[in-house]
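Modelling step: build the complete structure from the supplied sequences, incorporating the hints.
Going line by line, the protein sequences match chains A and B.
Position one of the first sequence corresponds to residue 46 (our numbering), numbered consecutively onward.
Position one of the second sequence corresponds to residue 6 (our numbering), numbered consecutively onward.
Hints listed in this document are in silico derivations from the structure and should not be mistaken for laboratory results.
Note that CB positions come from ideal geometry on N, CA and C, so glycine has one too.
Treat the hints with caution; some may be incorrect.
As the list claims (entries may be wrong) - Stretches of chain A that chain B covers, calculated by requiring three or more beta carbons in the stretch to come under 8 Å of a beta carbon on chain B: (1) 47–61; (2) 66–78; (3) 101–115.
Said to hold, decoys possible - Here are a few chain B residues that sit away from chain A, every Cβ distance over 10 Å (derived from the structure): (4) Thr20; (5) Met30; (6) Lys35; (7) Leu47; (8) Ile56; (9) Ile80; (10) Tyr87; (11) His91; (12) Leu98; (13) Phe201; (14) Thr337; (15) Ile469; (16) Lys497.
As the list claims (entries may be wrong) - Selected chain B positions facing chain A (Cβ under 7 Å, derived; list incomplete): (17) Gly36; (18) Ile249; (19) Lys251.
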Amino acid sequence: MTITGSVVYVTLEGGFFGIRGDDGMNYLPDPELPAEFRKEGTRIRAEAEYSEGMSVFMWGTMIRISKINKN
Amino acid sequence: MEFRLIHVLGPVVATVAMYFIGRNMVQKEKGREIRVAPTLILFFSALAFHIFFTEGTFLDRVSIILLDFGIAMIIDSGYLAYHKVHPKVFWGLGMILVFTAAIMYLLSYLFGIIWRFDSEVSNSRNEVLVELGTDDRIDEISGILANYDATWEAAYPMVTASEDSDLSQTFLISVKDGKATDLVNELLNDKENVDFAEENFDIGIEPIESESETNSSGIFFANDPQITGQWWMVPEEINAIHEILKDLRPAKKAKVAIVDTGVDSKHEDISGVFRISPGSTDVHGHGTHCAGLSGASTNNGKGIASLNWEGKFIEVKGYHALDTKGRGTTETVAEAIIRAAEDDADVINLSLGGMSPFPPRSQVKAIEYAQSLGCIVIAAAGNNNGNARNHSPSNIEGVISVAAVNPSGRKAEFSNINTGLARPIAAPGVDILSLKTGGGYVRMSGTSMATPIVSGLVGMMRAINPDLSAGDAYRILNESGKPVEDSDKVGKVINCLAAIELLMESGK
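Spelled out as structure tokens, the structure:
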């Protein structure tokens, strides 16, 4: 699937970067976003698939990103 | 306020300086020669003494100077009155200074943070964190580091490349004052070797420094100095609990298993109650925070308090279910649950999960196995402001699902609700103070924080009554819990004192 959205920094659980999709959904990258995208407000476009992972963050849908670009 | 020599020397120095000014006034009135230069030197020395040796915000310092010189003028007005030389000038000015100091101190109290000197708010540690590419070596940037006379060390020496390729390639660079920003900029330009570089600021999760070695508030029975920062510990309630527990001999020490990112077993506030287990280190810090909430040593004169009075009731064990970035798979979580169950855990704390309306089979099986061995499994409801029915492992049968409430007793805005689950409960989960991996204390928010508070309470109950079943434990939590406005969504909020009293009354 293709996700477009903005990178957000969520302060819960010690803090982490997630993606707030333009579709209104929250996405938690698994593994975490590459360093160059870890900046709040960065617009991204990603190819991803659902991940069945678990995390301490328990926020959004976990996704495994195969390709990501700044949008 | 801590006593410092400046508190005595300050007024003394100011009084001496003002005395010499007053003495000049007397000499002048009597037509004698006055000594301006020594008096001015003394006055400005007194002023400089205050500027350099007082501490606090800008307004703090100004108000202390005004206060000391105001008091000095009032004292020295007595000398002027004796010589009948305009004592009202010193008296009046002194009163104005003291009054102004009081106003400024009040302003400083209200706005102290924004008035701090820049040097005090600078949180740069003169350190830079740099992440190299997977195949790059630190000596490939040695030329840049030499320009800054920098030294370096591995930031996470305990992490191997196979465990985490990013962390194992991260280095902590130390530089001289003020050079960190320039170094970061130069490193970021080296795109061939450097993936990422940033200053190592003390931001995000600030360590909370102890106000004193022991809690001297007089409000709390326990002497843990950070207890005053644990808002969820209501003095009357927690004092009553600690009064009960100090004379109580538990039937056993309950084992609370923190299935998470591991536990920093060397932390000063958990080392005394930590028992040998696979997850005795914690790079991430989440598991350590949870461990402190379940069983931090209490009344030990250090850090925070929990229900674990003098470490008599709970042993904490750590299990690595998640990696150093706080992530894992259903399998790694299931394996850690099984391992904890086979280590005779009484309570398994799962401050983790993922969106999953239909729980993964491996996890269902692992939890069923743990329950068959008598473990009480407690899981976080999740942080997506959704429904914990769609979140696993909180939606697995027999699991106590914990939502988070804020200091007002309302559902935390991020917390999932527990509607439709068989064992819903809620606990404080906003701005919760607990242990920081590597030492110190830090606040975090999340249903992860609410969960180990419940696990600690249930562990305590198991220590008092080892035969307590998961069903009995939940019944006591629910019957003794406080109904709140959102209880129809999240469940009742735990009431630790009422739960322990109900347990002791009922014998279960």
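Hint check:
For the region 47–61 of chain A, the assignment as covered by chain B holds, since 6 residues bring a beta-carbon within under 8 Å of that chain's beta-carbons and 3 suffice. For a cut-off of 8 Å, the count of residues in the region 66–78 of chain A with a CB near a CB of chain B stands at 4, and the three-residue condition holds. Proximity of the region 101–115 of chain A to chain B, defined as three or more residues with a beta carbon under 8 Å from a beta carbon of that chain, is established by the 7 residues found. With a minimum CB-CB distance of about 50 Å to chain A, B/Thr20 clears the 10 Å threshold, and the non-interface call stands.
With a minimum CB-CB distance of about 60 Å to chain A, B/Met30 clears the 10 Å threshold, and the non-interface call stands. Every CB of chain A is more than 10 Å from the CB of B/Lys35 (nearest about 70 Å), matching its label as outside the interface. The non-interface label for B/Leu47 is consistent with chain A: the shortest C-beta to C-beta separation is roughly 53 Å, beyond 10 Å. Look at B/Ile56: its CB is around 38 Å from the nearest CB on chain A, clear of 10 Å, so calling it non-interface holds up.
Against the 10 Å criterion, B/Ile80 stays outside the reach of chain A, whose nearest CB is about 52 Å from its own CB. At roughly 63 Å from the closest C-beta of chain A, the C-beta of B/Tyr87 stays outside 10 Å, upholding its exclusion from the interface. Distance check for B/His91 against chain A: the nearest CB is about 60 Å away, which clears 10 Å, and the non-interface claim stands. Every CB of chain A is more than 10 Å from the CB of B/Leu98 (nearest about 50 Å), matching its label as outside the interface.
B/Phe201, annotated as away from the interface, has a beta carbon of chain A within 10 Å; the closest lies near 4 Å. Non-interface status of B/Thr337 relative to chain A is broken: a Cβ of that chain comes within 10 Å, the nearest being about 8 Å off. Listed as a non-interface residue, B/Ile469 keeps its Cβ farther than 10 Å from every Cβ of chain A; the least gap is roughly 30 Å. Non-interface status of B/Lys497 relative to chain A is upheld: no Cβ of that chain comes within 10 Å, the nearest being about 22 Å off.
With a least beta-carbon distance of about 72 Å to chain A, the hint placing B/Gly36 at the interface is violated under the 7 Å criterion. Because the closest C-beta pair between B/Ile249 and chain A is about 32 Å apart, greater than 7 Å, the hint is violated. Annotation: interface hint on B/Lys251 violated; nearest CB of chain A at approximately 33 Å, more than 7 Å.
In this structure, the hints that do not hold are numbers 13, 14, 17, 18, 19, in rising order.
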